[in-house]
Each structure stands twice: as C-alpha cells, then as structure tokens.
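**Q** Position chain B against the provided structure of chain A, taking the given hints into account.
If you want the building blocks of each chain, they are given just below.
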Amino acid sequence: MEELARIRNFAIVAHIDHGKSTLADRLIERCGALQAREMTSQVLDSMDIERERGITIKAQTVRLEYLARDGQRYLFNLVDTPGHVDFSYEVSRSMRACEGALLLVDATQGVEAQTLANAYQAIDADLEILPVLNKIDLPAADPERVEEQIEDIIGLDASEALMISAKTGEGIDDLLEAIVTRLPPPEGKAEEPLQALVVDSWYDPYVGVVTLIRVRNGVVRKGQKILFMGTRAVHQIDRVGVFTPKPVLVEALGPGEIGFVTAGIKEIADARVGDTITEEKRPAAAPLPGFRPSQPVVFCGIFPVDSNDYDHLRESLAKLRLNDASFEYEPETSTALGLGFRCGFLGLLHLEIVQERLEREFGLELVVTAPSVVYRVHRTDGTVQELHNPADYPDPTKIVKVEEPWIRATILVPDAHLGAVLRLCQERRGEQLDLTYVGNRAMVVYRLPLNEVVYDFYDRLKSISRGYASFDYQLDGYGESDLVKLSILVNGEPVESLALIVHRSMAESRGRAICEKLKELIPRQMFQIAIQAAIGGRIVARETVRAYRKDVTAKCYGGDVSRKRKLLERQKEGKKRMRQVGRVEIPQEAFLAALKVSG
Amino acid sequence: MSSASSSRTGSELPRHRAETPPDPGFALYLHWPFCRHKCPYCDFNSHVREEVEEGRWRAALLAELDHFGERTAGRALRSIFFGGGTPSLMAPATVAALIERASRWWRFEPEIEITLEANPTSAEAARFAGFQAAGVNRLSLGVQALEEAALRHLGRQHGVAEALAALDLARARFPRVSIDLIYGRPEQDLAAWERELRRALDLGTGHLSLYQLTIEPGTHFHTLRRRGRLPLPGEDLGAAMLALTDELCAAAGFAAYEISNHARPGEESRHNLVYWRYGDYLGVGPGAHGRLTLGTERLAMRAERLPERWLAAVETRGHGQLPAERLAAETQATEYLLMAMRLAEGVELGRLAALAGRDLDSFLDMAAVRFLEAEGLLRCEEGVLRATATGRHRLDALIRRILR
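Protein sequence lines, in the order shown, are assigned to chains A and B.
Numbers 1 to 599, taken from my numbering, label the letters of the first sequence in order.
Numbers 1001 to 1404, taken from my numbering, label the letters of the second sequence in order.
Just so you know, these hints were derived from the structure itself, not from any lab.
This one's a predicted model, so the numbers in the text were calculated from it and none came from an experiment.
A portion of the hints provided could be inaccurate.
To be verified - Heads up, incomplete: computed chain A residues facing chain B, CB under 7 Å, no partners named:
1. Trp202
2. Met526
3. Phe527
4. Arg546
5. Arg549
6. Lys550
7. Asp551
8. Val552
9. Ala554
10. Lys555
11. Tyr557
12. Gly559
13. Val561
14. Ser562
15. Arg565
16. Arg583
For every residue, glycine included, the Cβ atom is placed at its ideal position computed from N, Cα and C.
Isolated chain A, as found in the complex (with noise of 0.2 Å):
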C-alpha cells in the first residue's frame, strides 16, 4: 500500500490524433516501465482495429514509478480514455478514477469539439487540469493562439501550460514533474470500510472477469469477501494486482490506488461498471455514486452473407459481449436477410468496430443494415413504445405522437467554411444554440436529432470543411417530431430490411435517393422490376429496373458446353449471395448500396 501523498491519479484526455497515445508511451518509456524492447508502438492500445484507427476504445490503466526531483519516489495511475464522442461515457467514468487529467491539445490544430466536450467533462469531474500544448517542434505550432484558444473557449488558465513533443520528448521531465507539483494527490481513510469503485470490467478466458477498480476508501486483498452493492454478488478475491502495463500481483490496494480483482466471476453482468464493491463483513454504509449505465443509442440488423453462419454469428457476438457490456444484441428475422440480431451500439464508431471485429477476428461476412436510433411511440392506447427496429412501426392510426431522440452538437470551424456547415446543420433540421468566434475559428452549437447525425453527417461534416471541422456531441433529450416511416417496395413487396424512419420533410428525397441507388445495383431480371419508396399507401419515389430484352449466347456446339457450365458454375456462386425478395433476387451489394444513401 502506497502513502497517498505520493500517488497521483490522472488520465489523458484529447481530441483524435493529437498525440495521447504517444505521450502515454513517452510517459510509460521514461517511467521505466517496459524495456525499449516491449515497446510497440501505442502500448495501450491494445485491439488491432484501435492501433490502425489511432484510437482508444477501452480505458486501460498503467502504473508508473517516477522518481521526482525531490528525491522522492512517486506513483502514477495513468488512466487512458478512449478519444471519439461515441466513447464519451467511458471517458467520463474514466475521470471517476482521477484527481487530474492533462488536457492535450495539438500545438498545431488547436482547441477542437472533442478537447472541448473532454475538458467540460474533466472540469465535472471535478479534476484538476494541466493543459499541456503537444507537437511544438513542428513548424506549424502555433502556442500563443492555442494557449488564447484554451483560455477563450474553455476558460482555463493555460499561461502555464506544458510545452511539449510526445514524439521527440521534449518537455516530458517538466510534464512527470508538473504532474507531482501541480496535481492534487488522493484522498481516502484506509481504516474505513472498502469503498472501491469499478471502473471497467472485462473478460479474460483464463481467469474469468477482471474487474478494475479505484480504492476510495479501506483495502482490498487477496482472500477477502467481497460485496458488489449494487448486484449483491458476493465474491471471493483471488488476485490483486496492477498493469504496469503488463499484470503484476500485489498483496494490496489501499485508499487511492488503481488495480485489478479477479474473484472467479463469470460473467461482466456481475462486475458492472460503476457498481461499487465492499468488503462482505465490514460493509460500507453507502455506494460510491456510481454512473448511469450506458445507453446503445444506434440499432441496426446484423445478419450473415451465407445463412449457415448463423450460429456462429451467435457465438461470436457473444464473445465480443464478454468484453464489451456496451452493446446489446437480440435475435432479429428478417424476409430478405434471413436469420439475425439487431444490436445497439454507443455511436456509429462502435457499430463499425464492432462490426470489424466480427468480420476480421471471427471471419464473418455480414450484412449490416441501416443504422437507426431508439424512438419513443406514444400509441392510442396509451402505452410507450420504445421503437429500435423500423419494422416495428405500428400502424400510423394507432400512433399518438412520435418522439425522437436530439443531441447538443458542438462544432468547432475555421471561418471559410461556416457557412457550409450551417448549411449541414440547418439541413439536418438542426436548431442552433450557439455562435461565438474565437480569432478565425467558430464554435457553433446547434441541437439535432440524433437520427439526422447517425447515417453520415460526421463524412458530410469532415468533407464540406475539408476535414478542419471537429464535432462531439451529448444526448439531449426526446421531442416530438414528424415522422413517418419511408418502405421500399419492390415490385409491389416492402423490403423490410430497407425500411427507415424520417422527418416527413425529408422522406420523398430520401425515397428518390434510395430508389435510383437500387435501380443501379439491381441486376436486370427476365421481369421488369418496380422500385417504390411509400409512406403508407403513398408512393413517393419509383424506378423500374428493365427487363432483359436479349441475354442469350449466340453459339453453342459441342466444344461450347464445358466452357458454359463453369461459367454458369461461377455465375451460381453470385447467386449464394443473392437475397430473394418475391421473384426478385437482390444482390446483398445493393441492400448496403442503398443502405448507406439512406442518410
């Protein structure tokens, strides 16, 4: 156990590619944590899908040594958050397990949406913040007006910010000392009864759930009985330990400290985040305020290209559940996609990763359908639907009102491109809240329904400002809107699968776009094919798909009839992938084509 004057708690938080991770493996390489020779690249970054997408997905710890100036040996709980506005919850109770957080800020970008949302967060939190400015030895840094950035925008004092270069290391020894000299250390009695708060729990195959947990007050140790208070499970510690990266056992963990349990627990349901555990004997008297679980705010369907991997489609979402409580998943049949699940995701980044993770590390083809958000019909019958799957939508006669979920966006945009992006914003039914101008950059804060956001309004964004804009948002509640459910039908049969909820305003456009994108990818068939976008009974948008008029081989002799049959044989490995819609077959291309224009 460690002399809580001599430990510091604090995470990293940034925007995208502004340098967190390399200065995390900066800090770990001159703490002397990993021998040159174990460092790869990003050392917290641990899944392959975060090394090449450059972020972090789940909050890992490292426990560093720092010998300060003062002589004095100190302990460092570096906790790493992960950086996309999808994972802002995780950020959040990141923080819960800090004193202080180095607010990182790109010398050369500035201050953008998600150093902003991040900062507001650790500013809730309660944490003490250390801007520091990262990349100064490239030419493009720009100090003086990021350092007026930060006090402007955020309202921090960055006259002492931390000058550095996570790449090169200049300015690390002044960071490590800064981190001691300015940081507060923790608080916490350890006479007390346990108080420790689980800050992430996650699966491993070998010793069942590893649960992380930041002691705020008492001990825990190896053989102890422990309560989770907000479950009641009782468990038995079988290990303590820290990550330094790398796991080490430990006979204790007292007031302040951040490490690992492992209790023989099966299942991440029994060790949830924000739960707080006890000792079984010596209970405390009340929880730790823990956080809201979090919420899956974008659904879609997830089926496999070929029906039989159905089951293992099952045993791999399954097993990407263990580590991963933040998404959900039910069984889902679909006419046109056969056997699947529909799952909610934290934001359109998770559904990607996950989606990746299903595909590279299971070997699974799949077929993913239009993202949708969670919306609340208020029937006749007094009842509240909360709504995931368009499919579901009752009859509109039965239907009271519809409300849908709304964001508060916070966009960050050199001046030249406002315009556009108020254009998007005001496109997306977006009411704005805020402008305000710092030097040529604009920070507007507009509110949106979430639905207008989860199709493709962050490419939109990053392709109208050429990639200079940067974006983050919080859930901002329900409200009514006017919606209506768009169908596709073809010739005459809806497509489930295609079905999409949107403002009535925009449902004829969307309808178009939809329809032209089929008639392109649908093949021609021996019928005319009718593509229709209905609300209700009503079409709004049609296109015929011609039928073949000639498809016939000219000549065919003796020698011919080989050749025909392999050609037809691998003509017959197209059609696995083909999706029947009455006559119609429907390559799964075209269901993700069209898919993707739904937004």
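**A** Okay, now just chain B, sitting in the frame of chain A:
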C-alpha cells in the same frame, strides 16, 4: 367458359407429344484447324500456317479416329461433321479416307448426315465435286454477309458474287446446303438486316445459321471494342434483330428450331441436334471436345488445342486426348439443360431427373419455373420444359434463374 378445365380447349398447343422422345444419337466431329486467314471475330481453334503436311495430318486424324473406334465400334452413327478452321482446305482424298475409316468402325444410320464447312471462294468451290464423291451430303457455307463492305470488315476472303456462285455450285452438288450469316454487325441497322435476311431466305437453301455477332475475348474485334472502335448495336436493337429474324424466318417456312438455327422441316442439322439433345459425340482433331457414355460413366473429353502439340501427341501415343473428366450426375443434368433449352423442343423432365439422379425440385427452382411460365417465358407441360421464343431470347438469364 364455365370451368377452369374447359379454358384449355381453345389452346393451339398440342396437348400430347406426338412422338416418343427423340433418341439423342451418336455423332463424330472432325476438326481441321487451319485457315488461310484468321477472321477478326473468330475465337475458334483455327490457325494460319505457311504449309500443312497434309499426309501427316491425315494419318494423325485417322489414328485418333481409330483410337475412338476401338472403344465404340459398332455403334449407330448419325452424323459426321468436318469443322474447323477451314475444312474445305482439306484435300477431298483426306475427307474420303476419314469417312471410309469411320464406316469401318461404326454402323452408319441410313439417313447419315455428312457435313463439311466450306468457305464460299472459287478455289474451294472447285473441290465440291471431290467432297461429294468422298461422301459429303451436306455443305455448310460460311457466307457471313451479303454486303461487300461487311465482308471486308469481317475479314472474309470472298465477295458477294463469289459467294453466290459458290452457293449455286453447292446446291447443284449437295442435297442439303446451309449458309451462315452474321448480323448485329457494326453500324448495321434493323432495315439493313431485314433486306439482307430477306435476300438470304430467297437463296434456296433449307437451313440458315444466323448468328448475332458476339465479341469473344482474344479476338481482334475484342481489342477494337475495348478501344471504342467497334460501334455495335445496343441491347434494344439486338433484341429487335433477334425478334425480326425469328419472324421473317418463320414467315418463310424456316422454324427457329434452335436459338440461331432455322430450317425448313426435315432440314435441321442432325449433327448439331446430337449436341443440343446431349447425345454422345466424339471429337477428333486439335481442340475437339467429346461426350461419351462408357458403361455407367459419362466422360467429357477434349484434345490438345495447339495443332503441333496435338499432332506430336497422336504420333507418340496414338491420340491427342487430354485426361477425360468423369461427369457427375448433376453436372450432366446441368449440361443437358444448358444445351436442350436452346432447342424449341426443350428438355425432357424425366430424362433431366434421371441424369440429375435426384428429385427435380432440388435441382430446379420450380417456383421460379412456375412464375416464368406465368410471365410467358417458359412452358412446362406434358413432362417437357421449353422456353418460349421470348424466353429463348433471354435464355442465359432464364437458366441462371431456374437452376438451383
């Protein structure tokens, strides 16, 4: 009409098949791989050589014919077909020797058809008498077009007048003559094709092979098209030409018994019918294919493609065959379907099921068959599945759809 059953009374279609299913027959194909020039549209196994040692080639063809004869001796032979290449470049004596050798191995059916493909040049016409004497009783003339400019563009070595003169000679010599035409040529419009086809129908032959130009990989036309220098008719014009072809031929008494083949009654190519009915056939010569039933097995056979390699193989081991492939039951059924659906007479479902060795439902998508029937593209009655004329124009798509 008072009931559903009486609604069929007025149908013009025969309710019962008049004959028993046709015996698909057994045929012999002989390939002469040489041409004077390679035509820019042709992807057949044809080669231009300075000199051909005809004696060696004759011996080799006879040797490979013997190789097959030993394994199939005594079977009833319905047809012999000399194809190429340009078989009319063969010496009549070579043709005679091959026919004579075939007659020793197999029992010729009384109506045996012996066809030779010929180019309608004056040089080749000079050999017609020799071919007739050798036993050829049907000539297939590669006229290809009845317009001078088109013939030049197709790389043909003859003019219209020369071709018509050759045709006259052929008709005088051979009881059955067929001509080939290629349509859907660059810049050909519907009216031009109609004029040309009407003229062809008046030429007095009993059989017309009318092929819509298809651009095959590896041909000069393929290169031209890739470079955008081959303005071919689009699908709509192609379809209109196909429909017009069927219509004009039918009006003139030539039934479209196969997609591209039109004949007066009894004038059908018996040889090609063996292929399309998925009978047995032997292929002798470079690149020739065969299908042969031996015992309970059905073999797919093919020979070395390159003339020199084939020749060397025959001279070493008596045949130029590559290893034969044993065709699985389902493969045989697929091949039968692919071929026989090209014919107006269609596919015998009983035979199809027997070939597939299993329930037709697991081989064909019968639901698709039924709705394509409702769409007027297929007919399935009295145990026969056939494409209608409109169905046949979309046959490739149709087969993709009904095959599981």
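**Q** If a hint holds in the structure, say so; if it does not, say that too.
**A** Each hint, compared with the structure:
no.: 1; hint: Trp202; result: violated (45 Å)
no.: 2; hint: Met526; result: holds (6 Å)
no.: 3; hint: Phe527; result: holds (5 Å)
no.: 4; hint: Arg546; result: violated (9 Å)
no.: 5; hint: Arg549; result: holds (4 Å)
no.: 6; hint: Lys550; result: holds (4 Å)
no.: 7; hint: Asp551; result: holds (4 Å)
no.: 8; hint: Val552; result: holds (4 Å)
no.: 9; hint: Ala554; result: holds (5 Å)
no.: 10; hint: Lys555; result: holds (6 Å)
no.: 11; hint: Tyr557; result: holds (6 Å)
no.: 12; hint: Gly559; result: holds (4 Å)
no.: 13; hint: Val561; result: holds (5 Å)
no.: 14; hint: Ser562; result: holds (6 Å)
no.: 15; hint: Arg565; result: holds (6 Å)
no.: 16; hint: Arg583; result: holds (5 Å)
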